[in-house]
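Join the two chains, each given in its own frame, into one complex according to the hints.
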Amino acid sequence: MTAPERECDEPTVQLLTPDGLLQPTAAAEEYAPLVAGIKEEVLRQFYRDMTFSRRVDITGANLQRQGQLALWPPSFGQEAAQVGSARAARAQDHLFPSYREHIVGMIRGLDPVRLFALMRGVTLGGWDPRETGNFHLYTLVLASQNLHATGYAMGLQFDGETATGDPDRDAAVIVYYGDGATSQGDANEALVFASSYQCPQVFFVQNNQWAISVPVSRQSRHPLAHRGGGFGMPGVRIDGNDVLASYLVTRRYLDAARAGEGPSLIEAMTYRMGAHTTADDPTKYRTDSEVELWSARDPIVRYKTWLSGRGASAAFFAEVEEEAEDMAADLRRRTQELVAPPRSVIFAHVYQDPHPLMVEQAAWLDAFEHSFEEGSA
Amino acid sequence: MSAHEDAVPTDAMREHNQHNHSTRHHAVPTDATRDTRPSVAETVHGVHTLSLAKAITAGLRAALRADDRVILMGEDIGPLGGVFRVTEGLQAEFGDQRVRDTPLAESGIVGTAIGLAMRGIRSVIEIQFDGFIFPAFDQITTQLSRQTLRHGGSVGMPVVIRLPYGGHIGSIEHHQESPEAYFAHTPGLRIVSPSQPHDAYWMIQEAIACNDPVLFLEPKSRYWSKGPVDFDHPGLPMHNSRVVRAGTDVTVVGHGAMVSTLLAAAEIAATEGTSIEVVDLRSLSPVDYDPLLESVRHTCRLVVAQEAYGHASLGSEIAATVAERAFYSLEAPVLRVSGFDTPYPPAALETQYLPSPDRVLEAVDRVLAF
Ligand SMILES: Cc1ncc(C[n+]2csc(CCOP(=O)(O)OP(=O)(O)O)c2C)c(N)n1
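Protein sequences, first through last, are from chains R and V. According to our numbering, the residues represented by the first sequence are 12 to 388, in order. According to our numbering, the residues represented by the second sequence are 34 to 403, in order.
Next comes chain V alone, as it looks inside the complex (with noise of 0.2 Å):
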């Protein structure tokens, strides 16, 4: 379950970092807008090829670096460097205050992160793995998403709850879990994820710099895929979508490890004659619909697809609004492809519950014979 790619840049990042070690700043972020972003001043520089667990990494890095009151929460987050070994090194460089093991209960963790934000404190905190959350939902979602609101906006909330979320890895229950519509119904809360690289490194860090508490989807299948990061263009900010590959016939939308089943069908469908635009999501809450529509404006069709169940989900939302606001653009209703609305299955079982290029291009037949 903890797989291991050794981070390419990873000795230059630290050298670079330690030679820039005084520059560091200490102000904390006060504005919440969209497009606040960690300064590149004190990263590596240039492009490099990482997997998605250590563009993480380095993403936490840069931001520990760039601001002392930056700290990491969780279980065997130290030593070990997580089950994932997202934070491997980090307490190491930055010490045990900062990145904490801390005693095992996510309530606590939360709660606790919360007291600490009080105080200006950014927490990131690693919840092991999607099913271990709900002993904090308590926390996320009566206490967490509303402090602000209740202080009348005096009080900022700046933790990060980062997420190893989704399937595809043949693990044991608990461990393979899509639990993003729970919280995208909940006000008060931002939730996005990153499905490559790139987009990883640069959106952690604006995730730790937002004053609002945001929920940091990690698609774990996809934790070792490697692809080239940028260290000094940030890209687009962690609330856009993003159009991932042009189309003309069809639009499919989805977000994390779905995205990477979406360009698998487009290719399929490519060789098949049909010309498939594909959306990565990458803001689950708010959505950033303009795209969307834009796309559905010239294909005239969408399928959404997502590894959760399709019942009262985040795919209903997404195709409930389109249908709102771009209806005399659609030539067929739009379709959802999902998990069953069933427990994960066995492992032996989920290739057959996964939604699959053929399940997303079987879809994609159905909104063209409209």
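Bound-form chain R, shown alone (with noise of 0.2 Å):
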């Protein structure tokens, strides 16, 4: 169930070996001078972001086992990608995740107790993109959310908040999607659309091998990176488990989006590591040596070593994980102390402006509710 040979053969952006050794390959020549560049605090901030990113995963999978959320969907394994990817945007930028971003939404800003309220059922949102670094809303239905994105990098032409030249003020957008979600038409509309209008947005599919338990060769014979070029548009494959890759080819295409010259697709080859959600069965479908091969290839574990290899100390590392403790900590008590909200949330948003029947509904469910307590007392 591995990846046919020739997709192994397709040019593939890394940097980071899986042991952790800076030996970029052909595809990444361009980025490698690129490394040098980059901070050595933003350097320990990857390593931060993805620490806590499987910190939160360890506690959601926890938290759904003693009955606490209806279902955790993990992103073990993925943390490069994500993490990459998102240090890559800028504040003006804005990005739509399907469901397992969690650590990207982080990023941007998120308290991480509105995702697992979202994955506990007391809310169908959870939070205001305005108020979580332009982290939108996660999107159930797959791919769904990819015209969406197409449409607000469209919103962001129309007004001109892009293109303009000034690199602290033009904007793009990144769209999160699955190896299984790009089947979708909405996801081939978003290709179309977004090359059409030449949008300032990135595709950034994670193909992480698996949908549920369909292997990503039921949707693709050939590199997703390829769908790219098929639209019109730049595509490339890149390490996903590689956090350097993630973050330097991101940036790349997210400077381009801003810059005008339109969109682009980067398909980051990772792995999910974990169940696709707390309710599923992976020994049904994959195999051990499959998950082995993998775990060989754990993005942080790499990185670790990396880091290590250029100074940094025992003493940091402990630190995150420390910090990581603390934030997961923090966060099973705040979400057990989550509540299921008034009834009147069923009515309170469905529409914007009055509407008669959530007036009448609302007042008729309170009234029935009542007279049960009423006659209980």
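Just so you know, these hints were derived from the structure itself, not from any lab. Virtual Cβ for every residue (Gly too), placed ideally from N, Cα, C. Some clues are possibly wrong.
Simulated restraints, written as ranges between beta carbons of each label pair [to be verified]:
#, chain 1, residue 1, chain 2, residue 2, range
1, R, Pro353, V, Asp391, 17 to 25 Å
2, V, Asp171, R, Gln34, 44 to 52 Å
3, V, Gly186, R, Pro365, 45 to 53 Å
Next up, the structure:
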């Protein structure tokens, strides 16, 4: 069930080998000189982000097991793809996730308890993108968000907020979706629109090899990166478990998008190390040896090796662990405190303007529920 | 989200089926009358206790055995056996040409099933959750439902769309919807929904044998509840409704998981001296009105219950039709109990959102007070 041979031959941008050595591939040539320009504190932050991501996953899975969450979709294994791309975005950029980009949201300022509220079933949304660094809402109907992201990018063009030549103002959009979602009509229509209007947009496909139980070969017989070329935009494959590749390649294409050079597609080769969600049983469809193969390519392990080689001390790593543990403890506590919202929430925001049915039905439900409270009093 | 109860007679059935392998027939039924039903010759005999999910599995297995131009298509229905395990074991038994994991695109699944049907290949599609049928809405409503008409009757569209639907499972958005009204509004589709295992076993086979497209609604919250399945006696054709509890004071009607709620309400009402007659609709399009009208003629009162939004719903259609046809029998207006006209709420609020036995009884009290 591993990727077909010819996919392995596809040029792939990789800077860090799975062993943590800085040995850029041929496809990474243009990016290699840029590594030296990344500030040490930024490099350290990548590590912190990836560690936090994994800790949030562990917390989510545990809380689900304890019945505190309805479900948890882990991003275990995909940390480098998510952290690198998210850190490449500028403050004014907009990010449209699917439902697994927990750390992307956190990097933009999302309090992770909001994610847990969503998975606990106390909200259908959970946050306001204006307060989360333009990190938009999760979307559960696959690839729907791709068109929203393209439309948002069209809006940036319409309002003259991109391609003005001012790098502090020009904005772009990045949309996240999975290998399975690439088959949806919406995913393909978004590529058509973005290409047609030359939108400032990066399509970021996390090819984690599986769509629940279905291998990527069912979705595509050639590298998904080629989908870019087919729609008239650059398509590039990166090692999604290499945070440097994810960061530098996404940065390059977001810069191009902001500068008015149009859209692009990045295929990040990665692996869903965990189950699809806590409701899934991967032993039904994939082999241990495949999981072991990818385990050896772990994004955090290789990065830690490289950072250590550059002088990051044991104290640094210990400090990050401790911060992550504090974050998780706080998160557990606050998740358990999340209570069901009042029933008025059922009706409150279905419409923005007043609507007679909402008023009538909310009043009816109140009266109905009160009839029991009075009856039992 | 995926629960699993092993079908009691699975092994026995497999053995029996293998034994009868050579008797499988290839004829595609061409007669679309409502009592077209698959042969029982190749299935296990006797009465067995099965969950609703495993009764559907058994029905699918019987249909796959009976006609080798029946295929299954869907997301994760192969090695995984579907997220609800309804197709569990079927790919291993029938191979990956007949039980296919498709690319992840619902419009693609339904659209290709139409082309397959043009060659007489009968697709049984699994859509993973109610909320994910909409990418296929165009193919279903503008194509699947109209091919036969467009072809002047020369082309059948033997496509079954299986759809786990409804709430009560505490899940996230798009996993608990009741979208039947959109489809009931579409001419050219047939819609049925079993509420118990015996019906599920037989109705899925009848749906597959039907030459028209059938939306087969599976009440997912009932997947794991068990009941007897009589493998020898098909019972009612799929388009018939049925009185499942006799009563004298009020008739209540519903489909799918709602039937259990109605039976629970009837149980409570009985302790309070009210006798409720419960009708299991079973067929949503067409609606079989006769048993319902007969019931209303003696109870003189009707409550229609559904999880779906009330506005422009199936319940509205039933209320209007009964008012038209049984006006002089009715002692009170027909009342509807529905989900509110809002999207299904976050799971933490679902018990207040969903029509409960209490909500049904509140309406029963009101029709009795007239
Ligand atoms: C339109 C639609 N169909 C089906 C589903 C059910 N579903 C949820 S996730 C998933 C697999 C998605 O795989 P992929 O796009 O590769 O993303 P991953 O989950 O691996 O991150 C499926 C089939 C859905 N959410 N939306």
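These are the hints, each one checked on the structure:
Hint check: proline 353(R) to aspartate 391(V), Cβ distance near 19 Å, so the stated range 17 to 25 Å holds. Evaluation of the 44 to 52 Å hint for aspartate 171(V) and glutamine 34(R) yields a pass: the beta carbon distance comes to about 49 Å. Our hint of 45 to 53 Å for glycine 186(V) and proline 365(R) holds, since their Cβ atoms are close to 50 Å apart.
Violation of the numbered hints given earlier is absent; every hint is satisfied by the structure.
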